[in-house]
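Those sequence lines, one after another, are chains A and B.
For the record, in the first sequence the residue sitting at position 208 is 208 according to the working numbering, with numbers rising by one throughout.
For the record, in the second sequence the residue sitting at position 331 is 331 according to the working numbering, with numbers rising by one throughout.
Treat the hints with caution; some may be incorrect.
Stated by the list, open to error - Restricting the straight-line Cα-Cα distance to at most 35 Å, the calculated cross-link-like pairs of lysine-lysine (DSBU-like) are:
| id | chain 1 | residue 1 | chain 2 | residue 2 |
| --- | --- | --- | --- | --- |
| 1 | B | 246 | A | 2 |
| 2 | A | 246 | A | 169 |
| 3 | B | 169 | B | 246 |
| 4 | B | 2 | A | 2 |
| 5 | B | 2 | A | 246 |
What the hints contain is simulated information worked out from the structure, not anything from laboratory work.
Number of protein chains: 2
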Amino acid sequence: MKKFINDPADVVTEALTGLAAAHPELRVDATGQYVARAGAPRAGKVALVSGGGSGHEPLHGGFVGTGMLDAACPGEIFTSPVPDQILAATQAVDGGAGVVHVVKNYTGDVMNFQLAAEMAADEGVAVETVLVDDDVAVEDSTWTAGRRGTGATLLVEKIAGARAEEGGKLTEVAAIGREVNIGSASFAYALTAGTTPAAGRPGFDLPDDEIEAGVGIHGEPGRRREPLRPARDLVAAALDAILEAKPRDRGDRVIVLVNGLGGTPLIELYLVYGEVARILGERGVEIARRLVGNYVTSLDMAGLSITLTRVDDEMLRLWDAPVVTPGLRWGA
Amino acid sequence: MKKFINDPADVVTEALTGLAAAHPELRVDATGQYVARAGAPRAGKVALVSGGGSGHEPLHGGFVGTGMLDAACPGEIFTSPVPDQILAATQAVDGGAGVVHVVKNYTGDVMNFQLAAEMAADEGVAVETVLVDDDVAVEDSTWTAGRRGTGATLLVEKIAGARAEEGGKLTEVAAIGREVNIGSASFAYALTAGTTPAAGRPGFDLPDDEIEAGVGIHGEPGRRREPLRPARDLVAAALDAILEAKPRDRGDRVIVLVNGLGGTPLIELYLVYGEVARILGERGVEIARRLVGNYVTSLDMAGLSITLTRVDDEMLRLWDAPVVTPGLRWGA
Numbered sequence: 001m002k003k004f005i006n007d008p009a010d011v012v013t014e015a016l017t018g019l020a021a022a023h024p025e026l027r028v029d030a031t032g033q034y035v036a037r038a039g040a041p042r043a044g045k046v047a048l049v050s051g052g053g054s055g056h057e058p059l060h061g062g063f064v065g066t067g068m069l070d071a072a073c074p075g076e077i078f079t080s081p082v083p084d085q086i087l088a089a090t091q092a093v094d095g096g097a098g099v100v101h102v103v104k105n106y107t108g109d110v111m112n113f114q115l116a117a118e119m120a121a122d123e124g125v126a127v128e129t130v131l132v133d134d135d136v137a138v139e140d141s142t143w144t145a146g147r148r149g150t151g152a153t154l155l156v157e158k159i160a161g162a163r164a165e166e167g168g169k170l171t172e173v174a175a176i177g178r179e180v181n182i183g184s185a186s187f188a189y190a191l192t193a194g195t196t197p198a199a200g201r202p203g204f205d206l207p208d209d210e211i212e213a214g215v216g217i218h219g220e221p222g223r224r225r226e227p228l229r230p231a232r233d234l235v236a237a238a239l240d241a242i243l244e245a246k247p248r249d250r251g252d253r254v255i256v257l258v259n260g261l262g263g264t265p266l267i268e269l270y271l272v273y274g275e276v277a278r279i280l281g282e283r284g285v286e287i288a289r290r291l292v293g294n295y296v297t298s299l300d301m302a303g304l305s306i307t308l309t310r311v312d313d314e315m316l317r318l319w320d321a322p323v324v325t326p327g328l329r330w331g332a
Numbered sequence: 001m002k003k004f005i006n007d008p009a010d011v012v013t014e015a016l017t018g019l020a021a022a023h024p025e026l027r028v029d030a031t032g033q034y035v036a037r038a039g040a041p042r043a044g045k046v047a048l049v050s051g052g053g054s055g056h057e058p059l060h061g062g063f064v065g066t067g068m069l070d071a072a073c074p075g076e077i078f079t080s081p082v083p084d085q086i087l088a089a090t091q092a093v094d095g096g097a098g099v100v101h102v103v104k105n106y107t108g109d110v111m112n113f114q115l116a117a118e119m120a121a122d123e124g125v126a127v128e129t130v131l132v133d134d135d136v137a138v139e140d141s142t143w144t145a146g147r148r149g150t151g152a153t154l155l156v157e158k159i160a161g162a163r164a165e166e167g168g169k170l171t172e173v174a175a176i177g178r179e180v181n182i183g184s185a186s187f188a189y190a191l192t193a194g195t196t197p198a199a200g201r202p203g204f205d206l207p208d209d210e211i212e213a214g215v216g217i218h219g220e221p222g223r224r225r226e227p228l229r230p231a232r233d234l235v236a237a238a239l240d241a242i243l244e245a246k247p248r249d250r251g252d253r254v255i256v257l258v259n260g261l262g263g264t265p266l267i268e269l270y271l272v273y274g275e276v277a278r279i280l281g282e283r284g285v286e287i288a289r290r291l292v293g294n295y296v297t298s299l300d301m302a303g304l305s306i307t308l309t310r311v312d313d314e315m316l317r318l319w320d321a322p323v324v325t326p327g328l329r330w331g332a
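The shape of chain A in the complex, shown without the other chains (with noise of 0.2 Å):
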């Protein structure tokens, strides 16, 4: 295994002094281990805390700031933080007004966030969860019951957070996360295996000439190994699974996500880009605006994700809100 790390037992808890050291527009907990806005908790304002196993970076806590997160729990290298941790988050952003959990779809997120909910609810914090279930590849897999929930999170993040930052109530900032994973599909496919720092191995086998089609961000399988196929032919099939599982309408409005999983060159990731927009332009569906690179990651895994999500007026007046934060930034 080759890596920039020193001890692997300390890769979160340095790449944390890093993220720490590179922005002190956050507040970096090393004891809690989260990553919360400096200047939280803000009185009045809805919080969202979102979390789950590191390596999947930027997200969650490259999301932390103005218009998207409160606060992010990294767990270890792809595993759930522990319901202490994100209670200790959920405790330290909450203004008064409530916190949205934002939980990918996973056996340990789901059981540890909840976990964490009930004991913020023992101490008067009103939750409310949004779970992101968003991969259409599988139904079931390693360690989920029903669909994975990836690319997706980033929407459901900077939407949500965009109406919490307005001043949107508890139950308002949770409805619309909702609707945006309702109306998100993401497929992903994998060229390699991500390594972590623990295993010092890929984390599974591909022969040199087949890829993962479905893959999860952990690695885990997909529909089937496969052929390598050129771009178009992939794209045409990641757009079918997508479709096929949440079908659009000629004139309906999409973000398109093309996300790299750690390992994928931007040019190969703006030449998916190129195939997406041709196809979707072929189908009828309008790309109401686009986000292509690197933001739901599988450590150095050679892949990537596609993600459609349906929107509307009000989403995408969300969408184009002000966001500052450490992996997404515009309009201020």
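On the provided structure of chain A, position chain B as indicated by the hints.
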């Protein structure tokens, strides 16, 4: 080779198609093969043009926009753009106040930009060239006489771009660009080689337990092969090399760029930034600003570079000025 491409010969063109589709605020000229700001030329504004081989994205096409480049000329992968292409871009964005060419110091780039500058002069366009040669690893290299141009290119383009945006004259914009380069020093490590679509295999061989210290952004050899060491030791050695080449006194202020070469997870880049901040703190060098991410890449190479640029108040003011490009964005 596993990549998200169609025909290897079409990668650059198809990626430009995707870039154009994703960023309607850019004007991609498929014939001339350059990327320009929509609305260029702007009368009376000094224009900045850069370019070089593709495979380093977001450099340069991703840095076209408000406050940075007016145009970029992408060559084929790791291949210099041709003079006609550079001339077309230069003429397309010249608003009558002259054009600054930002050129990374590689023999092909230098020669082709030089030819294009002469051709532009014949057409009545005043051109000043800013040569970037910040990489302190080696004096001469595979494709270079003198030091190679790498990470500092981003800082030159950002700071000179801001000076042009606020109305700086041709000589002023070029002068501050040169000053940024003179104050910059970079050093890179490769853990793995990148794979070009045309070759279809890694650009060089690196044993499982060795790294290339001082690698170039095309995989050119650096100072030596050496065993992998903990991140803290690699960072210390890189900073030694940087500060030996360009000594900094206690109290000097710098902008730090911790730049991924394409295949390195963000969590490792932040861990490395933490080490950089600690060591510079011990040495009394003040980090005035910093940037952590993938900006000047080498396809899917696992590796990173560290750049230190000495800055004064004027440079910081220009660094902080609004920039709106696909790859770098703040303040607007």
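Here's how the hints hold up against the structure:
1. This hinted pair checks out: residue 246 of chain B and residue 2 of chain A have alpha carbons roughly 29 Å apart, not beyond 35 Å.
2. For the suggested pair residue 246 of chain A and residue 169 of chain A, the alpha carbons sit about 29 Å apart, so the restraint of at most 35 Å is met.
3. About 29 Å separates the Cα atoms of residue 169 of chain B and residue 246 of chain B, which keeps this hinted pair within 35 Å; it holds.
4. About 21 Å separates the Cα atoms of residue 2 of chain B and residue 2 of chain A, which keeps this hinted pair within 35 Å; it holds.
5. Between residue 2 of chain B and residue 246 of chain A the alpha-carbon distance is near 29 Å, which keeps this suggested pair within the 35 Å criterion.
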